[in-house]
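Here the UniProt record's numbering is used: position 275 in the sequence shown is 275, and no number is missing along the way.
Among the hints, a few may not be true.
[What the hints assert, rightly or not] Computed Cβ-Cβ distance ranges for the label pairs, DEER-style:
no.	residue 1	residue 2	range
1	Asp109	Glu55	25 to 31 Å
2	Gln139	Leu227	15 to 21 Å
3	Leu166	Arg190	20 to 26 Å
4	Arg160	Glu289	42 to 48 Å
By construction, these hints were calculated from the structure, which means they are not laboratory data.
Backbone N, C-alpha and C fix where the C-beta goes; we use that ideal spot for every residue, glycine too.
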Amino acid sequence: MQFKSGEDRGGDASPSVPLHSASLHGKGVLSSVLSIPRLRLGRRGRCCVYIRSSELTTITAHNLTHAFGPTEVLRDVSLTIEPGESVALVGPNGAGKTTLMRTLAGLLDPQGGRVELDGEDLQHVDRRQVARKLSVVPQARPQVFEFSALEVVLMGFHARSGRFSLPSKDQKTRALQAMERLEVAHLAERAASVLSGGELQRVLMARTMVTEADTWLLDEPTASLDLRHQVALLDRVSEHCAEGGSALAVLHDLALVDRYFDRVVVLDAGRAVADGPTASTLTESLLSEVFEVPLRGGTVAGRKVWVVE
Numbered sequence: 001m002q003f004k005s006g007e008d009r010g011g012d013a014s015p016s017v018p019l020h021s022a023s024l025h026g027k028g029v030l031s032s033v034l035s036i037p038r039l040r041l042g043r044r045g046r047c048c049v050y051i052r053s054s055e056l057t058t059i060t061a062h063n064l065t066h067a068f069g070p071t072e073v074l075r076d077v078s079l080t081i082e083p084g085e086s087v088a089l090v091g092p093n094g095a096g097k098t099t100l101m102r103t104l105a106g107l108l109d110p111q112g113g114r115v116e117l118d119g120e121d122l123q124h125v126d127r128r129q130v131a132r133k134l135s136v137v138p139q140a141r142p143q144v145f146e147f148s149a150l151e152v153v154l155m156g157f158h159a160r161s162g163r164f165s166l167p168s169k170d171q172k173t174r175a176l177q178a179m180e181r182l183e184v185a186h187l188a189e190r191a192a193s194v195l196s197g198g199e200l201q202r203v204l205m206a207r208t209m210v211t212e213a214d215t216w217l218l219d220e221p222t223a224s225l226d227l228r229h230q231v232a233l234l235d236r237v238s239e240h241c242a243e244g245g246s247a248l249a250v251l252h253d254l255a256l257v258d259r260y261f262d263r264v265v266v267l268d269a270g271r272a273v274a275d276g277p278t279a280s281t282l283t284e285s286l287l288s289e290v291f292e293v294p295l296r297g298g299t300v301a302g303r304k305v306w307v308v309e
């Protein structure tokens with residue numbers, strides 16, 4: 001059950017507010033609102049009220065370490081992504097961001113530490129169950145062979161309906177709706193192998209949208225997109241989190257991080273050197289040290305921007 005209002009409240013996100021009580025009838029109108037576990041304003045000022053189900057997914061990393069040969073790429077990294085959280089992962093090239101994302105997705109076994117999915121060791125969770133809870137948009141262009149763009153999106157239903165089941169009419173409709181939302185519906189019958197990088201990225205994001213997975217792991221989802229499509233994609237990520245889902249996204253554009261993500265984790269040389277609310281965590285001193293260039297923050301049209309000094 002979910003209630004959403006399109007009224008623009010303006011300003012930044014308010015903190016989630018725990019509420020109490022019950023009833024949906026009569027003079028219980030006020031208490032019906034109070035019965036809903038969380039009330040929040042999204043990053044773009046849109047008011048959302050949603051129920052946090054006990055079944056929504058929490059993913060936790062405990063002291064992850066990983067090395068490729070003598071090079072340690074993850075060093076004692078711990079973090080938790082809870083329902084409703086939008087988390088950006090930032091850091092210089094080679095900091096370990098993709099390795100961390102692959103480990104959280106169960107695509108790479110940690111050499112030390114563990115990942116838990118709803119309190120259970122990820123290595124012991126059935127892969128189909130993992131696919132129902134986690135959806136990944138990879139950084140590298142995947143092998144799509146000669147599948148059409150629509151067929152790639154329909155693969156998002158495999159975790160729930162089975163890999164060899166034929167798509168239903170409803171699934172095709174939902175797939176096309178997701179593609180329409182990201183402006184790739186006109187490419188539905190085109191071979192995915194001939195799509196541009198940005199087109200394929202939006203197709204893969206549409207696939208994630210239809211999975212119904214609670215947690216989205218997005219490795220540089222905006223890397224191949226123009227500005228308009230970056231905004232459209234991240235708007236959808238914000239909506240997903242406002243509805244009780246969660247997202248961890250690798251981004252390099254710090255202005256987009258500030259605009260869309262409530263929390264940020266900063267990786268440097270395999271270590272999580274900062275983890276906290278975006279507005280207070282991204283400081284000039286931290287970013288200048290991590291990226292090894294003098295950065296200065298400012299405000300333009302009410303939005304945070306970063307420039308090299």
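Do the hints match the structure? See the list:
1. Asp109 / Glu55: 25 to 31 Å: holds (26 Å)
2. Gln139 / Leu227: 15 to 21 Å: Once the Cβ atoms are compared, 20 Å apart, the range 15 to 21 Å for Leu227 and Gln139 holds.
3. Leu166 / Arg190: 20 to 26 Å: Since Leu166 and Arg190 have Cβ atoms about 21 Å apart, the given range 20 to 26 Å holds.
4. Arg160 / Glu289: 42 to 48 Å: Holds, at about 45 Å.
Comparing the model with each numbered hint stated earlier shows that all of them hold.
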